[in-house]
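Now for the letters of each chain:
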Amino acid sequence: MGLCKLIQKQEIASNIFDFVVETHTGLQANAGQFLHVKCGGTAYLRRPISICDAWDDKLRFIFEVRGEGTRLLSQFRVGETIDILGPLGRGFDLDLAQGDGDIILVGGGIGTFPLLLLARELELRVKKPIAILGYRTKELITLTDEFEAVCEEVKITTDDGSHGTHGFVTDVLADMAKNGKISAIYTCGPTGMMKAVAKIAIEHNIPAQVSMEERMACGIGACVTCTCSVAGYNARVCKDGPVFNAEMVDWGGF
Amino acid sequence: MSVNLKVNIAGVAWKNPVTTASGTFGFGKEYAEYFDISRLGAVTVKSISVEKKLGNPTPRVAETASGMLNSVGLQNPGAEFFLKYELPNLKKLDTKIVVNIAGNTIDEYVAVTEMIGDSVDMLELNISCPNVKVGGMAFGVDEKSAFEATSAVKKASKVPLIVKLSPNVTDISAIAAAVENGGANAVSLINTLLGMKIDINKRKPILANNVGGLSGPAVMPIAVRMVYQVAQKVKIPIIGMGGISSGADAIEFLLAGASAVAVGTAGFVDPYAHIRVINEIEEYLKRNNIDDVNNIIGKLEMN
Numbered sequence: 001m002g003l004c005k006l007i008q009k010q011e012i013a014s015n016i017f018d019f020v021v022e023t024h025t026g027l028q029a030n031a032g033q034f035l036h037v038k039c040g041g042t043a044y045l046r047r048p049i050s051i052c053d054a055w056d057d058k059l060r061f062i063f064e065v066r067g068e069g070t071r072l073l074s075q076f077r078v079g080e081t082i083d084i085l086g087p088l089g090r091g092f093d094l095d096l097a098q099g100d101g102d103i104i105l106v107g108g109g110i111g112t113f114p115l116l117l118l119a120r121e122l123e124l125r126v127k128k129p130i131a132i133l134g135y136r137t138k139e140l141i142t143l144t145d146e147f148e149a150v151c152e153e154v155k156i157t158t159d160d161g162s163h164g165t166h167g168f169v170t171d172v173l174a175d176m177a178k179n180g181k182i183s184a185i186y187t188c189g190p191t192g193m194m195k196a197v198a199k200i201a202i203e204h205n206i207p208a209q210v211s212m213e214e215r216m217a218c219g220i221g222a223c224v225t226c227t228c229s230v231a232g233y234n235a236r237v238c239k240d241g242p243v244f245n246a247e248m249v250d251w252g253g254f
Numbered sequence: 001m002s003v004n005l006k007v008n009i010a011g012v013a014w015k016n017p018v019t020t021a022s023g024t025f026g027f028g029k030e031y032a033e034y035f036d037i038s039r040l041g042a043v044t045v046k047s048i049s050v051e052k053k054l055g056n057p058t059p060r061v062a063e064t065a066s067g068m069l070n071s072v073g074l075q076n077p078g079a080e081f082f083l084k085y086e087l088p089n090l091k092k093l094d095t096k097i098v099v100n101i102a103g104n105t106i107d108e109y110v111a112v113t114e115m116i117g118d119s120v121d122m123l124e125l126n127i128s129c130p131n132v133k134v135g136g137m138a139f140g141v142d143e144k145s146a147f148e149a150t151s152a153v154k155k156a157s158k159v160p161l162i163v164k165l166s167p168n169v170t171d172i173s174a175i176a177a178a179v180e181n182g183g184a185n186a187v188s189l190i191n192t193l194l195g196m197k198i199d200i201n202k203r204k205p206i207l208a209n210n211v212g213g214l215s216g217p218a219v220m221p222i223a224v225r226m227v228y229q230v231a232q233k234v235k236i237p238i239i240g241m242g243g244i245s246s247g248a249d250a251i252e253f254l255l256a257g258a259s260a261v262a263v264g265t266a267g268f269v270d271p272y273a274h275i276r277v278i279n280e281i282e283e284y285l286k287r288n289n290i291d292d293v294n295n296i297i298g299k300l301e302m303n
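Chains as they are written, first to last, in my numbering: chain R, 1 to 254; chain Z, 1 to 303.
Because the hints were derived from the structure by calculation, they are not lab data.
Keep in mind the model is a prediction, meaning the values are calculated, not measured.
Just so it is clear, CB atoms sit at the ideal spot from N, CA and C, and this is done for glycine as well.
Mixed in with the good hints there might be a few duds.
[Stated by the list, open to error] DMTMM-like mimics (lysine to aspartate or glutamate), calculated; alpha carbons at most 20 Å apart, straight line:
no., chain 1, residue 1, chain 2, residue 2
1, Z, K202, R, D240
2, Z, K204, R, E214
3, Z, K53, R, D240
4, Z, K52, R, D240
5, R, K239, Z, E86
6, Z, K52, R, E68
7, Z, K197, R, E68
8, Z, K53, R, D250
9, R, K5, Z, D270
10, R, K38, Z, D270
11, Z, K202, R, D250
12, R, K239, Z, E33
13, Z, K197, R, E214
14, R, K239, Z, E280
15, Z, K29, R, D240
[To be verified] If we take Cβ atoms under 10 Å as the criterion, some of the chain R residues that face chain Z in the derived model are:
no., residue
16, Y44
17, L45
18, T70
19, G79
20, G219
21, V224
22, T225
23, A231
24, K239
[To be verified] Computed far set for chain Z versus chain R, every beta-carbon distance over 10 Å:
no., residue
25, V72
26, E114
27, S145
28, S151
29, P205
I would like the entire structure built from these sequences, with the hints used as guidance.
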């Protein structure tokens, strides 16, 4: 994709930055795909960051400052250009739903961001999903209005009970799986959370997809460093994923 | 001005002196989405062993200053799968195919050599991978075992044999001389340098394998020095690699005595790096009124 101009930048929560870039290419981005971003300075490798939203020739991604690379990235100013490769990887499958039950999105922390584009695509092409979004605490809750605009319902949980339901997204999901009718689950967040989501999905025989994360170098499938065990083989998160069918992932290793 | 970029590596004519470093280019398919990989002088594919290998647990990569550590551990689908499903695509390319071979024992190296036969243009014997517990680098850090592995594989090989050398030794030129005596038709160097990166918050190494191979611009001066030393010692051609990101980097290796170069880690940051290196070598030659790349090989003047 090459050099993209940063046209909007906002710190939407402490250390969480919301970037919009202009791509000039009009490349199609699917929900669940990622961008491989050069952070500049001393960061040698690119950083994989999921796409949060896409329209016209604009791409939006939101990231948390976690280390040196993301710290450097957060220092870009509006008008400057960022070297971006992508969209890369296999995104979510919109045709996952079987039957007419609810479509559920389960997001945790920074894993909620790629679910926004997914919610938009589902609303447009399938049906409005229900989002269960979990955060550590109230101050980290973001994008609620935007999710509400395209979702049937947005349920918020916080680990400390400072907002919404006190507890985990999986508690809410388990209740819904027991008492309602779910036709598909899509999830992105901490691996432990996704493992618990996958367990619920498999128990109730609900089709589910997870978006995996792993330390990555090339982002295009060549270096084979970002693997996770899928159906007994070390699949590449960047190329074979990052989205996998939940029942195919060998969760025992996590 | 037209410039000759053709080089001859152990009797095999490459259209230009740029190949891919094994293990950084898969079997070519991924980069083929970015550029015409037939433009390369040769494609050197990922290590192949007799049986498939799952590789090491993750994390397998850690960023370091101007480079990275990897501990992939030779993950590959095995020789049979490679020959059946990957090689036919590679054979369609208008470039030379080099297959890197791995094994835990000399018998395994010989077995994979026999399986591949003459279906590719050249073999590259990997006696320098730092990421596997047995075999791998163990053969490459000792003159006697490097000689033995080379001569056994050379006897079984139907195509010219390159031996890839480890920099994790006291005197790489002694190992180079040993593999030349063992019948190697060329040497390639350097493989990665063994390193460690620590997460100070967890007080643990980042790599699940604890240690891994360092590559990228950080290793280039070491690689250039080693190519120079080996060039003083052996007569067989040298394929130089280690941190090459530009034509200027490649020219350093050629001047130091390499007849060809490989681009590896740079392609992880810029998927067009290989093509850029080829173009920039040509530009350098034109700028300096040199009409044949062979005229700069080994033309370093020491102070």
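A quick look at each hint next to the structure:
Restraint check for K202 of chain Z and D240 of chain R: the C-alpha separation of about 30 Å exceeds 20 Å, so the hint is violated. Distance check on the hinted pair: K204 of chain Z and E214 of chain R sit about 17 Å apart at the alpha-carbon level, within 20 Å; holds. A C-alpha spacing of about 18 Å is found between K53 of chain Z and D240 of chain R, which places the hinted pair at or below 20 Å, so the restraint holds. Among the hinted pairs, K52 of chain Z with D240 of chain R is consistent with the structure: their alpha-carbon atoms are about 19 Å apart, no more than 20 Å.
In summary, the hint linking K239 of chain R to E86 of chain Z is supported, as the alpha carbons are separated by about 17 Å, within the 20 Å threshold. Of the supplied pair hints, the one linking K52 of chain Z and E68 of chain R is violated, its CA atoms being roughly 37 Å apart against a limit of 20 Å. With a C-alpha separation of about 15 Å, the suggested pair K197 of chain Z and E68 of chain R falls inside the 20 Å cut-off, and the hint holds. Proximity of K53 of chain Z to D250 of chain R is assessed by CA-CA distance (about 17 Å); at most 20 Å being required, the pair is judged to hold.
For the hint pairing K5 of chain R with D270 of chain Z, the CA-to-CA distance comes to about 18 Å; that is within 20 Å, so the pair holds. For the proposed pair K38 of chain R and D270 of chain Z, the alpha carbon gap of about 10 Å is at most 20 Å, so the pair holds. For the hint pairing K202 of chain Z with D250 of chain R, the CA-to-CA distance comes to about 25 Å; that exceeds 20 Å, so the pair is violated. Using a Cα cut-off of 20 Å, the hinted pair K239 of chain R and E33 of chain Z holds, with the two alpha carbons roughly 12 Å apart.
This hinted pair checks out: K197 of chain Z and E214 of chain R have alpha carbons roughly 17 Å apart, not beyond 20 Å. With a CA separation close to 30 Å, the supplied pair K239 of chain R and E280 of chain Z exceeds the 20 Å bound. For the given pair, K29 of chain Z sits about 13 Å from D240 of chain R by alpha-carbon distance, which is consistent with the 20 Å threshold. Contact between Y44 of chain R and chain Z, as hinted, is supported at the beta carbon level, the nearest pair being about 6 Å apart and thus within 10 Å.
Taking 10 Å as the C-beta contact cut-off toward chain Z, the hint placing L45 of chain R at the interface holds, the least distance being around 5 Å. Hint status for T70 of chain R relative to chain Z: violated, with the closest Cβ pair at about 12 Å, above 10 Å. Hint on G79 of chain R is violated. Least Cβ distance to chain Z is approximately 24 Å, over the 10 Å limit. Taking 10 Å as the C-beta contact cut-off toward chain Z, the hint placing G219 of chain R at the interface holds, the least distance being around 8 Å.
Hint on V224 of chain R holds. Least Cβ distance to chain Z is approximately 5 Å, under the 10 Å limit. For T225 of chain R, the suggested interface contact is upheld, since its CB lies about 4 Å from the closest CB of chain Z, less than 10 Å. The criterion of a C-beta within 10 Å of any C-beta in chain Z is not met by A231 of chain R, whose closest approach is roughly 12 Å, and the hint is violated. Checking K239 of chain R against chain Z: minimum C-beta separation of about 7 Å stays under 10 Å; hint holds.
Its beta-carbon lying about 5 Å from the closest one in chain R, V72 of chain Z breaks the requirement of being farther than 10 Å from that chain. The beta carbon of E114 of chain Z sits about 26 Å from the closest Cβ of chain R, which is more than 10 Å, so the claim that it is off the interface holds. The beta carbon of S145 of chain Z sits about 27 Å from the closest Cβ of chain R, which is more than 10 Å, so the claim that it is off the interface holds. Taking the minimum C-beta to C-beta distance to chain R, about 31 Å, the non-interface status of S151 of chain Z holds against the 10 Å cut.
Even its closest Cβ contact with chain R, about 13 Å, leaves P205 of chain Z beyond 10 Å, as expected for a residue assigned away from the interface.
Hints 1, 6, 11, 14, 18, 19, 23, 25, counting from the list given before, are not met by this structure.
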